Every structure is written in C-alpha cells, then in structure tokens.
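Engineer: Here are the chains, one letter per residue:
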Amino acid sequence: MNERRVGWVESALSHLAIVVGVAFSLYPVLWVVSTALSAGSAPERRVLPIPRSLTLDHVHHFLSGPHVVSQAVSSLVVSVATALVGIAIALPAAYALSRFTFVGKEAGVRLLLATQMFPMVASAVPLYIVLETLGLLDTRTGLVVCYATTSVPFAIFQLRGAFDTIPKDLEEAAMVDGATRFGAFVRVVLPAARPAIAVTGLFAFMSAYNEFILAATILGKEEALTLPVVLQRFVGEHDAAWGAFAAGSILVSLPVMLLFYVVQKNLVAGLTAGGVKG
Amino acid sequence: MAQVTIRGVEKRFGQTRVLSGVDIDVPDGGFAVLVGPSGCGKSTLLRLIAGLEEADGGSIRFGDRDVTRLAPRDRDIAMVFQSYALYPHLTVRDNLAFGLELRKTPKAEIEKRITEASEMLGLDPLLTRFPRQLSGGQRQRVAMGRAIVRRAQVFLFDEPLSNLDAALRAQVRVDIKKLHDRIGATSVYVTHDQVEAMTLADRIFVLNRGRVEQSGPPLEVYARPATRFVAAFLGSPAMNFIDAELEHEGGRWVVRAPGVSVRPSVSALGDAPRPGKVVLGLRPHDVAPPEELGKEGAGEIHAQVEVLEALGTESFAHCTVGELPFVARLPGASRPAKGSALLLGIAAEHVHVFEADSGRALWNREG
Ligand SMILES: Nc1ncnc2c1ncn2[C@@H]1O[C@H](COP(=O)(O)OP(=O)(O)O)[C@@H](O)[C@H]1O
Ligand SMILES: [Mg+2]
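Protein sequences, first through last, are from chains A and B. Using our numbering, the first residue of the first sequence is number 1159, and each one after it goes up by one. Using our numbering, the first residue of the second sequence is number 419, and each one after it goes up by one.
Bound-form chain A, shown alone (with noise of 0.2 Å):
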C-alpha cells in the first residue's frame, strides 16, 4: 500500500523533471522555427513562440541563395569525408591499442588525450599556416585534412573502447579457420565492431558538418563554402536576416536529424557495446 504510494510519488515526480527537460531544451529550438515560419526579419519579443501568420517566404530566401546547392554538396563532401578518413585511421590504431602491447603505448595514449584538451580554434592559426604550405589553403582537401586529424583521437578511444569488449577468441577462432590476422580483422572483428564504427562516424560527421571557425578562416570561394559559414552570413554586420538564418539552420538540420534516425539502431547497441559477444 504504502509503497505503491511511494512508486507513484516517484513516477510523477520524474516525469515532472522530463517534461521540464524538454521543455528547456526544446524551447530556443521552437523559437528557431516559430521565427522561420513568421514574417519579418527579427524574432518577435513574447514568451511563446507561436507565429503570427505563417509564411515560406524565409525559406525562399535561403534557397534561393545562388550557390545553395553547390555550397550544400560541399558540406556533405567535407562531412562525409571526414568520417571516411578520420575512422580509416582510427581503426587500425585503435586496434592496435586494443589487442598489442608495446613500447610508448600508454605515453601514446595519454599525449592523445592530451590533444583532447585544447580546443579546434587553438590551433587554427599554425593549421592555416601548414595548409598554405601544403597548398591546401582555399580547398575541402585542406579542410578534411584538418576534420579529419582533429577527430581522429576520439574516434580512436571510441573504437579502442569497442574493440575492447571483442573477445579475443573470434580473432583466433578465424586464424585457426584459416584467416590471416589481417583477414581476422577485416573478417570478423569489423563486423562485429559495426555499431560503434557506425556511431563513430556520425560523431565526426557530425562535428565536421557543424564546424565553423576553421571552414571559415579556410575556405573563401563562394560555391565551395560550407553550410554554417553559409548560414552565419545571413546574419552579418549590416542586414541580419533572422528568418532566413533560422529557416535556413532548420534546412541544415535535417540531414544530421535523417542520419540519426538512420543509425539509431546502432547507436543504442554501439552505446551498449559487449552485445556482440558470441
């Protein structure tokens, strides 16, 4: 009796903190598409975000933008390769870690880490220097070199941390079947790893697609420009065009939504590695 009262005291009181976390969360984002949808350039001042009349008009505005597509294209190219380069290296060193000791692997280890600390915008100003000696400087190869650098040493804990729970057993049951320890990996322990290597990749995909302080100190032609230095223009030094800037962030938005939706599955079984145990 007195503990079912307690069960449900407990139940409406947790329910109460997630309504109130939504609600905290998804507050600005309403106010994003409350001010896309709303005539007017500057987002109205009320504490609801209901618009006032509906309109597409900012969603023109940003489409109609004469690069779009191009600028589009460019972002998803840079995303995309960065998550193919960036978990291309990561694997073999975060299987390397995993399965073999050697001299200098946990100094290795902790100097990775250490790289952690330091923001991105740290470094922008020796990176533009490298690129422009490279001649990189004003490409996406420039750009996905530095994403892809840059992700690497997550990626490399990540999928350290999901090879970790592999048992040793898979690899050597497809060495005595026959397998090189190189066809081993490729064979079996990349499959098994696939949804943390799924969920690695969104990661730096996803920080590459949302970057903006390097995209925007390193690329300057018009068409090659990346979605968030495309978006911040609209909201510039002399016109700010807040419609368009929050429909356009919404447009934005969606591949990233999409892909999520995509490998949810996996993200849940890659969060919960260790179901890949035979």
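These aren't lab readings, by the way, just hints derived from the structure by calculation. All of these numbers come straight from a predicted model, not from anything done at the bench. Glycine included, each C-beta is placed from N, C-alpha and C at the ideal position. Worth double-checking, as some hints may not be accurate.
Unchecked claim - Per the computed footprint, the stretches of chain A lying under chain B, defined by three or more beta-carbons under 8 Å from a beta-carbon of chain B, are:
| hint | region |
| --- | --- |
| 1 | 1317 to 1329 |
| 2 | 1333 to 1341 |
| 3 | 1348 to 1359 |
Take the given structure of chain A and dock chain B with the ligands to it, following the hints.
Structural biologist: Then chain B with the ligands, alone, in the frame of chain A:
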C-alpha cells in the same frame, strides 16, 4: 589425420614459467586429454599446439611435419573454444562455411559438409539463425560443427563443456565420445574435470604447474598414481591421505598410523624401501567392511562414523580415523549408525604409499 608429437616444450610469460619440458604423444586417431587444476598451463599448451602462442623452446610435430613455427592457418587444425567464439554477425550456416570459404573449398563440397555435420549434430533447424538466437547447448553444438566441417588433421578442445549445466554436460560428453568414434580424428582435449578426462581419453596427461606429472591410459593412471597430486586429483570423492610410518616387521612391510595397519603390495613399494615417514593413500571406493571386500584383506582401518550420506545405491560414510577425516564408500544396504565404530578392510593392490616429503609414490622414487 596425423599423430601429434610434442618434445620438451617451454613457455614463459615474462618472468613466469608456465610450461617446462612438456612431452606429449598422441597416436593417429587418438584422444588425448590434458587435465589439471586451473592455472596449471593446459590452455597455454593447447594454444601452443594451435599456434596461437609461440613456444620458447621444444618442438611440435604433426605426423612428420614440424609445425612449431607455423601460423595457425598453416597447421590444419580445428578448435572448439571454451567461449565457443561463434562469429556473431554470421548465421550458423555461414559460421560453418567460414573456414571452408577461406580455403576456397568448392561450393558443392561446402554444401555437402554442412549437410553432413548438421545431420550429425542436429543443426538443421538452426542453420539460418544467428548465434545470439541460440541456447548455450546449441551454441556448443555449432562450435563442434564448425570444427567438424573442416576435416582438419588435429582437433583441439578447450574446456568445451564448462559453460553447460550438469545434465547437458553429461549428455554432450557422451556425444563427443560417439563423434570421435565415428570420425576418428586425432584430438587433444583440455579440461579440469576429472570425469571428462576419465571417460573421454584414451590417454590422459595430468598437468601440475606446467609439467606433465603423469600420463597413460586413464584407468592405469587411476589405479597407479605416480604422485600424491595425481592420486588426489583423480577420483571422487578424493583419496584419503593419512600420515603414517612404514615399518619392517617379521619379514613384511606394514604401514601404520593411529587406527590403521595395512600391508601394501610389493609393487607399491618399489625397490629397496626404507622404514620411515610416509603418506598412506586409500580411495573411498576401495575400502569396505571385511566381509564385503570380496578379496583377501591386507589390513584393518578402525573408523568412527560421523555423518552418513545415503544415496540409495551407495552411501558415503564420513568418518574419523585416528583424529583424521576419512571417507568410505559403502554398499547401499549397509547403514552404520552415527557414532558407531566401523571396521574396514582393503586389498593390498589398492594401498598407495607416497614419500612424505616429495609426494612421489614409493615405486616412483627418484634415484
Ligand atoms: N597471455 C598471458 N600473459 C601472462 N600470463 C598468462 C597468459 N596466459 C596465461 N598466463 C598464465 O599462465 C598460467 C597458465 O594459464 P592457462 O594455460 O590458461 O591455465 P589453465 O588453462 O590450465 O587454467 C596462469 O598462471 C596464467 O595466469
Ligand atoms: Mg584454461
């Protein structure tokens, strides 16, 4: 198929010696069981045979091939892992086919072998499932199937039954014996379970701290343990050990302890025994009240019954002899009362005598 010959194998992990001077012989088609307590190096030895670890010394031969330095894939072995190690992303069928596809076996042949193995192991209804959709017993069978389809020269098993419950374990044990009778593959089987060792092996190797303590046909090793360690390890309930004195008396050797006086056979004593401290070993199954012994008794054990475990067909009397605990197996009909005195006899051939300090059987003394 091939015979397995291991000579003087050594293995260290850092400073820790895990195997020293191990010799193993398995005849073509034989079934060898490596048995010993946890941590004695059984798995390490099996992994050396598989090529998953590299030996620091000694040699491993399959038939006339020296495989000591070969990679696992070049040794032509199949292995059943303790964890089964089924590939989680492949169906049962693809798990079975994995090794054959790697070796570029023709499709029709793969199909034929899968059919054959799944018929042997009853895998047919499972072929399209993934490992996570199988019970423990089913996974175990798939792991066996994956080894069988390979038709390898040597089969290796690392405690394949340890993750099954007791009833299933007993059944699969029999299945493995049947399979071996049918396929006749040279097998090396690792277990810490003495029942598995006794029932499956045609030759057992008892390992202790990285050495082969004794090897031979299981019943021979059971009947004539070379050391106290082997004597204690094989048999359940375990052998009773009593600190005793070996004495020479009227031209005969007698082992005496409080409440005990037995005359071992000549062959148990070896050449030129000396009087002195020894450890007497008597199995619970070898002692019996004199009238039920069925053989000529070779002495007397005076026991005091403390607890009787009656199982129907037999009973185990937990007694004290002198001050020491002593277990005796009694036929189902005899039910001595708690606290009563129990007189037990034993045949001379069942009396084991070990050196007090080295633990070696007297017939197995050094030097
Ligand atoms: N890779 C390893 N590194 C260090 N020590 C090991 C390794 N593998 C096994 N050992 C040690 O070797 C000994 C024998 O292990 P193992 O062969 O697994 O024993 P068993 O299979 O008989 O239980 C144990 O003491 C174990 O701790
Ligand atoms: Mg083991």
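Engineer: Next, verify each hint and record whether it holds.
Structural biologist: Going down the list of hints, with the structure as the test:
Proximity of the region 1317 to 1329 of chain A to chain B, defined as three or more residues with a beta carbon under 8 Å from a beta carbon of that chain, is established by the 3 residues found. Taking a C-beta to C-beta cut-off of 8 Å, the region 1333 to 1341 of chain A contributes 7 residues in contact with chain B, enough for the three needed, and the coverage statement holds. With 3 residues having a beta carbon nearer than 8 Å to a beta carbon of chain B, the region 1348 to 1359 of chain A meets the requirement of three or more and the stated coverage holds.
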